[in-house]
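Take the given structure of chain A and dock chain B to it, following the hints.
The listed protein sequences derive, respectively, from chains A and B.
Note that the working numbering numbers the first sequence so that position 56 is 56, with each residue one more than the last.
Note that the working numbering numbers the second sequence so that position 24 is 1024, with each residue one more than the last.
Okay, the calculated bits of chain B under chain A, using three or more residues with CB under 8 Å as the criterion:
id, stretch
1, 1009-1023
2, 1026-1034
To give an idea of the chain B side of the interface with chain A (calculated C-beta under 7 Å), a few residues:
id, residue
3, Leu1038
4, Ile1041
5, Ala1047
Under the rule of at most 30 Å between Cα atoms (straight-line distance), these lysine-lysine pairs were calculated in the DSS-like manner:
id, chain 1, residue 1, chain 2, residue 2
6, B, Lys1026, A, Lys9
7, A, Lys89, B, Lys1027
8, A, Lys118, B, Lys1027
For the record, the hints were derived by calculation from the structure and aren't laboratory data.
The beta carbon of each residue, even a glycine, is placed where N, CA and C say it ideally should be.
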Amino acid sequence: MSNYLRGLKDGLPVGLGYFSVSFAFGVAAVQSGLSVFTAVMISLTNLTSAGQLAGLSVIAAAGSLIEMAVTQLVINLRYALMSISLSQKLDSSVRAGDRFLMSFGITDENFAIAVAQKGTVTASYFYGLMTLPILCWTGGTLIGAAAGSILPASVLSALGVAIYGMFVAIILPAAKRSMAVAGVALGAAALACCFEWVPVLNRVSGGFAIIICAVIAAAVGALLRPVEDEA
Amino acid sequence: MKTVLYILVMAGVTYLIRMLPMVIFKKKITNRFIRSFLHYIPYAVLAAMTFPAILESTTSPLSAAVGFGVALIVAFLEWGLLPTALLACAGVFICELFL
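Just chain A, same shape as in the assembly (with noise of 0.2 Å):
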């Protein structure tokens, strides 16, 4: 199978997951005001699910565009992470030019389908992972925009566990295969809890909880267990 195909195949349950993901996003986005071709064209160049949501309330809330590009930096600087984490994993095959459009579609779901794999992520992988995601992604969003007001709340309630359901099924069979990944997540959740429940903690905003959260967790898990190194 080529690489190409390879990676539509391992995008294929990721485009299915974000679809219902974004097919809530399109339904809030035409709650709060925007027009239809508005959510698509956000979604289809912002590929995020966390940051897009808190950029609906900046503009609903007619926010500054400094404010709106604090968000997103806030809320989307684990991407910067996983960029370097993947560049560590790239074929040598890979061209200069490609590292400008495959990084397009570092998103939290490819990024670890891509790290997971043996040896090295070549590029039409990369291309192939994120053709299904960006997609669904972005037609999700236009069917939920255009018709989503159709579906019974309890339908849309049972959607919105989707993406969360989606981050457990990556995260478990990593940790059943190591402790320290497993002691590494539970103690990111941990510290999420006390940045939702602790007095004073829980007024650092969404996204700067989680960056702090997943730092000190991971720097931890690598003062304790670090990795051993690849050949």
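Below, chain B without anything else, positioned relative to chain A:
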């Protein structure tokens, strides 16, 4: 018009965050701590995003907890991303029928 600017800023900032590190870091990082840190960071990010936020992802924390429980079981059995997501949704939906 302002909407176009909003979208440009959102898309521009988000793209630069993804693009710059990948274009800048072309050499292998040899520092063992940084390599380990980068190995753990995706799991840490996803875990911090998932819990406790998952509890507020549906109309009631109880149904969300049921969905979370279903996701944990299916993910432990390694049935894959999509079955985990869909069965978690099904768990929430069924639970909310009884609420």
